[in-house]
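Based on these hints, arrange chain L on the given structure of chain Y.
Number of protein chains: 2
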Amino acid sequence: MEITQICATEANLHLHKHVRFKGHVQTIRRMGNLVFLVLRDRTGTIQAVVDNQALVAQTDSLACECPVVLQGQLFPHPRGGAVELRAESIELLSLTTATLPVEVGKSSKVESLTLSAMLDYRPLTLRNPKVRSIFKVAAAICRAFREFLQSEGFTEIHSPKIVSTGTEGGAQLFGVEYFGKQAYLAQSPQFYKQMMVGVFERVFEIGPVYRAEEHDTTRHLNEYISMDFEMGFIESEQDIIAMQTRLLSHIFSFLNQFCSEELKLYGAAVPHFDSIPQIALSDARQLLKEKYAWKGVSTSQDLDPEGERLLCEHFAASANSDLVYVTRYPVSLRPFYAMPAPCGQLSASFDLLFRGLEVTTGGMRIHEPEKLVATMEKRGLDPSSFGDYLQCFQYGMPPHGGLAIGLERLTKQLLGLPNVKLASLFPRDRQRLTP
Amino acid sequence: MEITQICATEANLHLHKHVRFKGHVQTIRRMGNLVFLVLRDRTGTIQAVVDNQALVAQTDSLACECPVVLQGQLFPHPRGGAVELRAESIELLSLTTATLPVEVGKSSKVESLTLSAMLDYRPLTLRNPKVRSIFKVAAAICRAFREFLQSEGFTEIHSPKIVSTGTEGGAQLFGVEYFGKQAYLAQSPQFYKQMMVGVFERVFEIGPVYRAEEHDTTRHLNEYISMDFEMGFIESEQDIIAMQTRLLSHIFSFLNQFCSEELKLYGAAVPHFDSIPQIALSDARQLLKEKYAWKGVSTSQDLDPEGERLLCEHFAASANSDLVYVTRYPVSLRPFYAMPAPCGQLSASFDLLFRGLEVTTGGMRIHEPEKLVATMEKRGLDPSSFGDYLQCFQYGMPPHGGLAIGLERLTKQLLGLPNVKLASLFPRDRQRLTP
Chain Y
1 MEITQICATE ANLHLHKHVR FKGHVQTIRR MGNLVFLVLR DRTGTIQAVV DNQALVAQTD
61 SLACECPVVL QGQLFPHPRG GAVELRAESI ELLSLTTATL PVEVGKSSKV ESLTLSAMLD
121 YRPLTLRNPK VRSIFKVAAA ICRAFREFLQ SEGFTEIHSP KIVSTGTEGG AQLFGVEYFG
181 KQAYLAQSPQ FYKQMMVGVF ERVFEIGPVY RAEEHDTTRH LNEYISMDFE MGFIESEQDI
241 IAMQTRLLSH IFSFLNQFCS EELKLYGAAV PHFDSIPQIA LSDARQLLKE KYAWKGVSTS
301 QDLDPEGERL LCEHFAASAN SDLVYVTRYP VSLRPFYAMP APCGQLSASF DLLFRGLEVT
361 TGGMRIHEPE KLVATMEKRG LDPSSFGDYL QCFQYGMPPH GGLAIGLERL TKQLLGLPNV
421 KLASLFPRDR QRLTP
Chain L
1 MEITQICATE ANLHLHKHVR FKGHVQTIRR MGNLVFLVLR DRTGTIQAVV DNQALVAQTD
61 SLACECPVVL QGQLFPHPRG GAVELRAESI ELLSLTTATL PVEVGKSSKV ESLTLSAMLD
121 YRPLTLRNPK VRSIFKVAAA ICRAFREFLQ SEGFTEIHSP KIVSTGTEGG AQLFGVEYFG
181 KQAYLAQSPQ FYKQMMVGVF ERVFEIGPVY RAEEHDTTRH LNEYISMDFE MGFIESEQDI
241 IAMQTRLLSH IFSFLNQFCS EELKLYGAAV PHFDSIPQIA LSDARQLLKE KYAWKGVSTS
301 QDLDPEGERL LCEHFAASAN SDLVYVTRYP VSLRPFYAMP APCGQLSASF DLLFRGLEVT
361 TGGMRIHEPE KLVATMEKRG LDPSSFGDYL QCFQYGMPPH GGLAIGLERL TKQLLGLPNV
421 KLASLFPRDR QRLTP
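Going down the list, the sequences are from chains Y and L. Numbering-wise (this note's numbering), the first sequence opens with residue 1 and increments by one. Numbering-wise (this note's numbering), the second sequence opens with residue 1 and increments by one.
Isolated chain Y (complex conformation) (with noise of 0.2 Å):
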């Protein structure tokens, strides 16, 4: 008799089969002289039903979350929908040798974890389908964000983590011991993927950068996943900003044909949109102001995360849009390599919010040498500290600028999460370093 071997998801394409099907046992349900099992594997949820009464008995030894090897005849399910397997042989592969701190199968008793339980059994946590499915379309975020940069002429590099200074002057840096010199981690690539503007023009990376900011928010981690392009030869930022809402638009179709069980599980609807709103900085301020009585005027000339919400809700109930780039950062509020517009103390610079919370920054930068040293003379930073940023600019370099996106951010909006460390893996803030 010949055997297939299937995944949950092909089941149904097999009926009346014989087949085998390898996965953990999320749930084990005993009727009668009847054992029902949910079993899991990568690409979903199957079940399984053990009637032959020495099967049953055998059943006695296996647990929630054991891996195992069932073989079965695939059938209709009886109450219609789905298929059902009905063992003739079960394989344990392995014990659980500890009592589940959680009913890892259902969602609603892993969602009412606290966040600190939820992120200590992390290895446990991670294997509830709602929970994983997280991963599922942060990892399809990714492969659209490559798929579209790569099918645009970008070449994707991997820049450096260990780095001699800051990419913003020195502050929020972890250190690093290297071989007897003070090195840093990166904050990000942005010295890097410029540099590289003028060896590949259009460069992407996804990699890991590092602040150690002592926040502890729902918006804020201390390593996370940075999606960076940068391009040449571009005319304004927006060339940026025309280039990433084209990419947006890609990563959302790609998610909603290849995550829709995903997306479903959270509610959650991809926005469209054939252009995003734009809105300068001091404007949306001063509608914060008078529409919302938005009290964060004084405290800092950018908006806080109450502004940017109130900012969303405007351009959602006005505009119809979940998304609303902010343009037009005063200089000062900007990096040094920010490229200042043409009228004078404002930027090309613009940030990108998406249902209330920021998730992209990005911009112009300066390509002139002469004039990225008078900007770091301007905030009392030393060019010769940034000899090697400054070294690709003197052999020429072309009008460019690009943006960052944050993973977890994006991942976290998209789905609704209420805190950005439940879209990391194994997050790390101030107190956490495991697992």
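It is possible that some hints are incorrect.
[Unchecked claim] List of simulated lysine to aspartate or glutamate pairs, EDC-like, C-alpha gap at most 20 Å:
1. LYS181/Y - GLU177/L
2. LYS136/L - GLU147/Y
3. LYS136/L - GLU152/Y
4. LYS136/Y - GLU147/L
5. LYS17/Y - ASP51/Y
6. LYS136/Y - GLU261/Y
7. LYS181/Y - GLU214/L
8. LYS181/Y - GLU147/L
9. LYS181/L - ASP120/Y
10. LYS295/Y - GLU313/Y
11. LYS136/Y - GLU152/L
12. LYS181/L - GLU214/Y
13. LYS17/L - GLU88/L
[What the hints assert, rightly or not] From chain L, some residues computed to sit far from chain Y (all C-beta separations above 10 Å):
14. VAL49
15. ASP60
16. PRO76
17. VAL83
18. THR97
19. GLU111
20. ALA138
21. GLU177
22. SER236
23. LYS295
24. GLN345
25. LEU381
26. GLN391
27. LEU422
[Unchecked claim] A few chain L residues that face chain Y, going by a derived Cβ cut-off under 7 Å, partial list only:
28. LYS22
29. CYS66
30. THR96
31. HIS158
32. GLY180
33. ALA183
34. PHE200
35. TYR292
36. GLY296
37. GLN394
38. GLY396
39. ARG430
Treat the hints as calculated values from the structure; they're not laboratory data. Values in this document were obtained by computation on a predicted structure and should not be read as measured data. Backbone N, C-alpha and C define an ideal beta-carbon position, used for all residues, glycine too.
For chain L alone, kept in the frame of chain Y given last:
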């Protein structure tokens, strides 16, 4: 008049058309009243001729590496072959402000630089078409790696690089100051990818790893890109070997298809194979001793670099194979999590050698928690410091295994580069933290 913007490689599709081209000036040659330019963009190079005397005068301010926008008409090249762009306008986007330390358009000049100069001037030397093609190949390897594994049901993960403990017990770790706690840079995503086998069954990751080794050799980097995969429900390490054999086959045909120009620059050919020969370590040692009077016998049980080179020489000659798996390493030469082979003191693990150099290490892992604890204790490791790792095994883990391929080593061997540092954009070694 309609002006099409073109890339270098599209030029032959637009013969006699008026086009716009954006790129860097790679070389300038003046002949009487004519100026010949080679212009480079992300796709390749194109020749331009300036014969309009007003424009010729304008080229006085042009220097090699200046970014320009050139408009003109495309003609067949007077001496056949490629097309030539006859300039009608030249816009200089920015000036070079330093004398170039090397004629970057000439590969012979760039290749004759010392390694140190090659790396000191990295933002410039990477612009050389032959040098940059190394990283086109590296990007293509990553792309093909992901494409193949995605098609085999693997999910991409991102594991933390800031960790609380080493994978292999604490040696050769870079320390990180983490909010007053001692943390380290991850040597490998090993523990995390194993935990994720319980979640997704099949996972992969391409990301940086760190080794604080003091070696300064042609085969070591202190920060490199590790291409990892890990998969569950395997029978033995042969499942991992078989998966990698198909993976490499896919990568190599992808390179043949999409990087033929880059391979040609290095006179490189990809290996072709249906299967890859295997030899047990003890047999390899015996063979080397007998055939080559290999001296590496007494210093260590592993092969030394000379042994790896000779073994590959043997398999190239005897089996016409550029690749060979060395299998059955003694348990004592492998990390604690290596699965012992059925026969006892040997492990179900392997290395893959490629043209004289180890590029992959992999194997089956122990999946039963008691056995893991026992091997830890045998090696003097404290199981309580691996609590988070052990957690996933207590919840039921299938038999599993995986491997790690060094991206820079694979690229080096494929192109025949003399030093692995040349396959890293911005390499980190004992002395080098910049650029």
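Hints and how they fare:
Between LYS181/Y and GLU177/L the alpha-carbon distance is near 14 Å, which keeps this suggested pair within the 20 Å criterion. Between LYS136/L and GLU147/Y, the direct Cα distance comes to roughly 16 Å. Compliance with the 20 Å bound is thereby established for this hinted pair. Simply put, LYS136/L and GLU152/Y have alpha-carbon atoms about 15 Å apart, close enough for the 20 Å limit, and the pair holds. Between LYS136/Y and GLU147/L the alpha-carbon distance is near 16 Å, which keeps this suggested pair within the 20 Å criterion.
This hinted pair checks out: LYS17/Y and ASP51/Y have alpha carbons roughly 18 Å apart, not beyond 20 Å. Restraint check for LYS136/Y and GLU261/Y: the C-alpha separation of about 10 Å stays at or below 20 Å, so the hint holds. Distance restraint check for LYS181/Y and GLU214/L: the Cα-Cα separation of roughly 14 Å lies within the 20 Å cut-off, and the hinted pair is therefore satisfied. Among the hinted pairs, LYS181/Y with GLU147/L is inconsistent with the structure: their alpha-carbon atoms are about 39 Å apart, more than 20 Å.
Distance restraint check for LYS181/L and ASP120/Y: the Cα-Cα separation of roughly 18 Å lies within the 20 Å cut-off, and the hinted pair is therefore satisfied. For the given pair, LYS295/Y sits about 16 Å from GLU313/Y by alpha-carbon distance, which is consistent with the 20 Å threshold. Annotation: proposed proximity of LYS136/Y to GLU152/L holds, straight-line Cα distance about 15 Å (limit 20 Å). For the hint pairing LYS181/L with GLU214/Y, the CA-to-CA distance comes to about 14 Å; that is within 20 Å, so the pair holds.
With a C-alpha separation of about 12 Å, the suggested pairing of LYS17/L with GLU88/L holds against the 20 Å cut-off. The claim that VAL49/L is not at the interface with chain Y holds, since no C-beta of that chain comes within 10 Å of its own (minimum 21 Å). In this structure ASP60/L is separated from chain Y by more than 10 Å, as the shortest Cβ-Cβ distance comes to about 16 Å. Every CB of chain Y is more than 10 Å from the CB of PRO76/L (nearest about 26 Å), matching its label as outside the interface.
For VAL83/L, the non-interface assignment is confirmed: its Cβ lies about 20 Å from the closest Cβ of chain Y, beyond the 10 Å cut-off. With a cut of 10 Å on Cβ distances, THR97/L falls inside the contact zone with chain Y, its closest approach being about 5 Å. Even its closest Cβ contact with chain Y, about 17 Å, leaves GLU111/L beyond 10 Å, as expected for a residue assigned away from the interface. The Cβ of ALA138/L sits about 8 Å from the closest Cβ of chain Y, inside the 10 Å cut-off, so the non-interface label is violated.
Under the 10 Å C-beta cut-off, the non-interface status given to GLU177/L relative to chain Y is violated; the minimum distance is some 5 Å. Residue placement check: SER236/L keeps its beta carbon more than 10 Å from all beta carbons of chain Y (closest about 14 Å). The Cβ of LYS295/L lies farther than 10 Å from every Cβ of chain Y, with a closest approach of about 31 Å, so its non-interface assignment holds. Annotated as non-interface, GLN345/L keeps its C-beta farther than 10 Å from every C-beta of chain Y; the closest such distance is 23 Å.
Here LEU381/L stays apart from chain Y, with its beta-carbon at least about 16 Å from theirs, past the 10 Å limit. For GLN391/L, the shortest C-beta to C-beta distance to chain Y comes to about 5 Å, within the 10 Å cut-off, and the non-interface label is violated. Every beta carbon of chain Y lies more than 10 Å from that of LEU422/L, the smallest distance being close to 14 Å; the non-interface claim holds. Taken as an interface hint, LYS22/L checks out: its beta carbon lies about 4 Å from the nearest beta carbon of chain Y, inside 7 Å.
This hint holds: CYS66/L has a C-beta 5 Å from the nearest C-beta of chain Y, less than the 7 Å allowed. Proximity of THR96/L to chain Y holds as hinted, the smallest CB-CB distance being about 4 Å (cut-off 7 Å). With 7 Å as the threshold, the beta carbon of HIS158/L comes within range of chain Y, its nearest partner Cβ sitting at about 5 Å, so the hint holds. A distance limit of 7 Å between C-beta atoms decides the matter here; for GLY180/L the minimum to chain Y is near 10 Å, and the interface restraint is violated.
Here the hint on ALA183/L is kept, as its CB sits about 6 Å from the closest CB of chain Y, short of 7 Å. Interface restraint check: PHE200/L against chain Y, minimum CB-CB distance 5 Å, threshold 7 Å, status holds. At about 36 Å, the closest approach between the beta carbon of TYR292/L and any beta carbon in chain Y exceeds 7 Å, and the interface hint on this residue is violated. For GLY296/L, the interface hint is violated, the least distance from its beta-carbon to any beta-carbon of chain Y being 28 Å, above 7 Å.
For GLN394/L, the shortest C-beta to C-beta distance to chain Y is roughly 4 Å, which falls under 7 Å, so the interface hint holds. Nearest Cβ of chain Y to the Cβ of GLY396/L: about 4 Å, under the 7 Å cut. The hint holds. Checking ARG430/L against chain Y by beta carbon gives a least distance of about 5 Å; that is within 7 Å, so the hint holds.
Comparing the model with each earlier hint shows violations of hints 8, 18, 20, 21, 26, 32, 35, 36; every other hint is respected.
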